[in-house]
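S.K.: Chains as they are written, first to last, in numbering that gives the first Met the number 0: chain F, 0 to 405; chain W, 0 to 150.
Any given hint could be a false lead.
Claimed, not checked - Output of the computed footprint for chain W on chain F, the stretches with three or more beta carbons under 8 Å from beta carbons of chain W:
| hint | region |
| --- | --- |
| 1 | 2-10 |
| 2 | 165-178 |
| 3 | 330-341 |
| 4 | 365-374 |
| 5 | 382-394 |
Worth flagging that the hints you see were computed from the coordinates, not collected in a lab.
From the three backbone atoms N, C-alpha and C, an ideal C-beta is built for every residue, glycine too.
If you want the building blocks of each chain, they are given just below.
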Amino acid sequence: MITEAIKNQFNDILQHFTQTLDLTDTQINDAVSRYEAVGKWLQKEGSPLTSYAPEIFPQGSFLLGTMIKPLKEHETYDIDLVCNLTKSPEAFTQENVKKSVGNRLKDNDDYKRMLLPENQFCWTLKYSDGSKFLMDIIPAIPDSLRQKLYENLVDISLWKNALRTTDNESDNYHSFDHSKWPKANPIGYAEWFKQQIKTFENQRRILAESKQLPIEEVPDWRIKTPLQRAIQILKRHRDIMFEEDDNKPVSIIITTLAARAYDQENNIYDALINVLDNMASHIKEKYCEKHQKVIRWVENPVNPEENFADMWAEYPIRETNFHKWLTKAKEDITRAIQETGLNKIQESLEESFGKKDITKTFATYGDSLLKQRESGNMKMAAGTGLLSTTGRTTVKQHQNFGKKNG
Amino acid sequence: MAKRASLILQEGTLKSYFPGCSVNRKGENEITWVHTITPSPLSGSYTLKIHYVKNKGANVYVVNPKPLLLASGKTKLPHVYSTPEQKLCLYFPDGKEWNTSMLYVQTLIPWACEWLVHYEIWAGTGNWRGGGIEHETKAEKQEEKQTEINK
Numbered sequence: 000m001i002t003e004a005i006k007n008q009f010n011d012i013l014q015h016f017t018q019t020l021d022l023t024d025t026q027i028n029d030a031v032s033r034y035e036a037v038g039k040w041l042q043k044e045g046s047p048l049t050s051y052a053p054e055i056f057p058q059g060s061f062l063l064g065t066m067i068k069p070l071k072e073h074e075t076y077d078i079d080l081v082c083n084l085t086k087s088p089e090a091f092t093q094e095n096v097k098k099s100v101g102n103r104l105k106d107n108d109d110y111k112r113m114l115l116p117e118n119q120f121c122w123t124l125k126y127s128d129g130s131k132f133l134m135d136i137i138p139a140i141p142d143s144l145r146q147k148l149y150e151n152l153v154d155i156s157l158w159k160n161a162l163r164t165t166d167n168e169s170d171n172y173h174s175f176d177h178s179k180w181p182k183a184n185p186i187g188y189a190e191w192f193k194q195q196i197k198t199f200e201n202q203r204r205i206l207a208e209s210k211q212l213p214i215e216e217v218p219d220w221r222i223k224t225p226l227q228r229a230i231q232i233l234k235r236h237r238d239i240m241f242e243e244d245d246n247k248p249v250s251i252i253i254t255t256l257a258a259r260a261y262d263q264e265n266n267i268y269d270a271l272i273n274v275l276d277n278m279a280s281h282i283k284e285k286y287c288e289k290h291q292k293v294i295r296w297v298e299n300p301v302n303p304e305e306n307f308a309d310m311w312a313e314y315p316i317r318e319t320n321f322h323k324w325l326t327k328a329k330e331d332i333t334r335a336i337q338e339t340g341l342n343k344i345q346e347s348l349e350e351s352f353g354k355k356d357i358t359k360t361f362a363t364y365g366d367s368l369l370k371q372r373e374s375g376n377m378k379m380a381a382g383t384g385l386l387s388t389t390g391r392t393t394v395k396q397h398q399n400f401g402k403k404n405g
Numbered sequence: 000m001a002k003r004a005s006l007i008l009q010e011g012t013l014k015s016y017f018p019g020c021s022v023n024r025k026g027e028n029e030i031t032w033v034h035t036i037t038p039s040p041l042s043g044s045y046t047l048k049i050h051y052v053k054n055k056g057a058n059v060y061v062v063n064p065k066p067l068l069l070a071s072g073k074t075k076l077p078h079v080y081s082t083p084e085q086k087l088c089l090y091f092p093d094g095k096e097w098n099t100s101m102l103y104v105q106t107l108i109p110w111a112c113e114w115l116v117h118y119e120i121w122a123g124t125g126n127w128r129g130g131g132i133e134h135e136t137k138a139e140k141q142e143e144k145q146t147e148i149n150k
């Protein structure tokens, strides 16, 4: 039987696991100082972009707090940065927007050197210090049509930051008719995501207190709630199950459905099981003009016309894979918690999440137990001998003696 | 030097903490306690035995499972006086960390439970994270001496 005590211990272990999935503090600090530097350059007084009043902000999984380090050591990790030209001229075409940002980057000798060949949607800087870090800079403008398009569909908090971006392979690349530019709304999506987590602001307060910072200095992306931790775990499970397969479940679908299914669980294990049980029920069906039939629909919560599962109609294997993945993820997690003995649980989790990260997880979990006892917080219960923060007697300080590793 | 706790007191506290446990006391000369515990919610169950003989000290054993599973690639258990006997090393034997004035229920038994949780982590990772000091067994000391002599 899965008791609260079992779930709580499993939750502790899963917390340690997600910490192995996080970028290191160094990687995060590097990413932040780098995008702040790029932002500073793009926004510098007197630069060609100044009159367009650029706004710079990160987007994607970094902003949502769901980013995980790459599966393989040699892989790169990317941060997406949006460069929003809030006061660009009305006559600007997609090309004007794209090029003005690109040109400003090239004005800087370092960035010019680091720029990769122009991408369809963005400019990419490659940082060559061996850190395998790429920064994608996405030029954008505010969507001048956003009120009309969205005010009857979603709340203003979700549409007010809607953007248009550029696509240099589109027929409309030379058009200044915004209605023909690609739509994007990373801030709106992040806002929606936060709204799915009732304890989000409370978590910010707790983090601020623990780091002795004012609340305003704790950015959204530092906050980690059980939903975010669950999504990190689910993404890693997907990575291991599908590796490089093009038809693997995509992160935006996992993230959106998980956030819809989340029911304020406090415990990562509960969040995982509930989300895995209920994600599929949030997949809708809608008639699609393009395909001339009813297809599966994973609605973009800030743009109901956008279907994240758009590709499923063209590649039905992707829908099959999604459901296969849901089933296996649930099986794997349920099996692990039902094992007896931490070593057996470790073995079970290694199969689905990889030996290296899971071994590290249990090692750091062991460290935390030692710390708990050393700080006088480990107690033993009568009867079962169960160790926890409550119990009849405190485990006194002592030193195990004898050969460490056998 | 603190006064030795009477075995009557040890028996009393053992029975109070672990109703239904097996305690066998021979006056003030010898006591044996056996009981099955589960050191953490996700852990297995282990049968511990404490055997104290007057002037010979108290020994703590894991009697079940026997043998305890070893970590991959290892041939011995960590922090034990003897792997075949599964006799646990729970404290630095300087008389200060533990002596006969202390109650088993407040010292040896909680330490044994803690040892078991770290044992499970060691069995999976090959790494002991429970702290402590290394010591050589008599046999290892002899081996080293022999190597020195043979140089």
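S.K.: None of the hints should be skipped; say for each whether it holds.
M.R.: Taking the hints in turn, this is what the structure says about them:
1. 2-10: That given contact holds, which follows from 6 residues of the region 2-10 of chain F lying within Cβ reach (below 8 Å) of chain W.
2. 165-178: Violated - the region 165-178 of chain F has 0 residues with a Cβ nearer than 8 Å to chain W, which falls short of three.
3. 330-341: Holds, because 5 residues of the region 330-341 of chain F bring their Cβ atoms closer than 8 Å to Cβ atoms of chain W.
4. 365-374: Since 6 is at least three, the answer is holds.
5. 382-394: holds (count 10)
In this structure, only the earlier hint numbered 2 is contradicted, and the remaining ones agree with it.
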